[in-house]
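**Student:** Read off the chains here:
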Amino acid sequence: GAGVSQSPSNKVTEKGKDVELRCDPISGHTALYWYRQSLGQGLEFLIYFQGNSAPDKSGLPSDRFSAERTGGSVSTLTIQRTQQEDSAVYLCASSLVRGGTDTQYFGPGTRLTVL
Amino acid sequence: ILNVEQSPQSLHVQEGDSTNFTCSFPSSNFYALHWYRWETAKSPEALFVMTLNGDEKKKGRISATLNTKEGYSYLYIKGSQPEDSATYLCAFKRNSGYALNFGKGTSLLVTP
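So the protein sequences, as listed, match chains A and B. Read in order, the letters of the first sequence are residues 1 to 115 in this note's numbering. Read in order, the letters of the second sequence are residues 1 to 112 in this note's numbering.
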């Protein structure tokens, strides 16, 4: 079946512009996660959705970052007034249910470059 | 150990060599340990999820062990092949919260 998809695969933007990153999880997966990997760093947790609710937003680095999920499916991560330090690969993952032993299935990521 | 640490950072082996790398994680509040393989331009692929001290998992030529009391996991690759070239990530799940806490990964290059 179809895996997790993300769009765009690459995004180059100018400092100060807003960007939207999209994630389509595996159908039926109720849990959805956003991570990012900055240069030289490990994957960093951003936000977790269970259904349309986000019980854990603790990883969002600033109030310029927001995310929503609609219909228990597609999620959008929005970064307002982008800064150069926002440059990273943004990864989305989904799992069947929320649980520490549930495999998280990752998308291919969106590489964001802020000039 | 406060965070997940992986060693070595990178590794270069010849085809046919066996290799192993280490993941160290906090031994308190442990819930699960995940291993992923991430090939360039692809999605990270789940290899193993381990929860019990002494767990051993195997998938083809790749195997992993878990020691939750001392806070480490080993990943072994037997008879490395060029297609094994990838970054291997481990991720620690605490018994609270929702996030996986990832290490920076071990980058493996296998040359013919």
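Be aware that a few hints might be false.
Unchecked claim - Taking lysine-lysine pairs in the BS3-like style, the calculated list, with each CA pair at most 30 Å apart, reads:
hint: 1; chain 1: A; residue 1: Lys-11; chain 2: B; residue 2: Lys-78
hint: 2; chain 1: B; residue 1: Lys-104; chain 2: A; residue 2: Lys-15
hint: 3; chain 1: B; residue 1: Lys-69; chain 2: B; residue 2: Lys-42
hint: 4; chain 1: B; residue 1: Lys-59; chain 2: B; residue 2: Lys-78
hint: 5; chain 1: A; residue 1: Lys-15; chain 2: B; residue 2: Lys-42
hint: 6; chain 1: B; residue 1: Lys-42; chain 2: B; residue 2: Lys-57
hint: 7; chain 1: B; residue 1: Lys-104; chain 2: B; residue 2: Lys-58
hint: 8; chain 1: B; residue 1: Lys-42; chain 2: A; residue 2: Lys-17
hint: 9; chain 1: B; residue 1: Lys-59; chain 2: A; residue 2: Lys-11
hint: 10; chain 1: A; residue 1: Lys-57; chain 2: B; residue 2: Lys-58
Hints are computed from structural coordinates only; laboratory data are not their basis.
**Student:** Is the Cα-Cα distance between Lys-11(A) and Lys-78(B) 30 Å or less?
**Tutor:** The given pair, whose Cα atoms are some 39 Å apart, is violated under the 30 Å limit.
**Student:** With the threshold set at 30 Å, check whether the alpha-carbon distance from Lys-59(B) to Lys-78(B) stays at or below it.
**Tutor:** Holds, at about 11 Å.
**Student:** Given the hint that Lys-42(B) pairs with Lys-57(B), test it: the Cα-Cα distance must not exceed 30 Å.
**Tutor:** This hinted pair holds, its Cα atoms lying about 24 Å apart.
**Student:** Next pair to validate is Lys-15(A) with Lys-42(B); report whether the Cα-Cα distance is within 30 Å.
**Tutor:** Judged against 30 Å, a Cα distance of about 27 Å means the pair holds.
**Student:** Can the restraint linking Lys-104(B) and Lys-58(B) be considered satisfied, given a maximum Cα separation of 30 Å?
**Tutor:** Holds, at about 23 Å.
**Student:** Holds or violated: Lys-59(B) with Lys-11(A), Cα cutoff 30 Å?
**Tutor:** violated, 36 Å
**Student:** Given the proposed pairing of Lys-42(B) with Lys-17(A), does the C-alpha separation stay at or below 30 Å?
**Tutor:** Satisfied, since the Cα-Cα distance of roughly 28 Å is no more than 30 Å.
**Student:** Is Lys-104(B) within 30 Å of Lys-15(A), Cα to Cα?
**Tutor:** Answer holds: Lys-104(B) to Lys-15(A) is near 27 Å, not above 30 Å.
**Student:** Can you confirm whether the C-alpha distance between Lys-69(B) and Lys-42(B) stays at or below 30 Å?
**Tutor:** violated, 34 Å
**Student:** Would you mind confirming whether the straight-line C-alpha gap from Lys-57(A) to Lys-58(B) stays at or under 30 Å?
**Tutor:** violated, 35 Å
Hint compliance for this structure: hints 1, 3, 9 and 10 are not met, and every other hint is.
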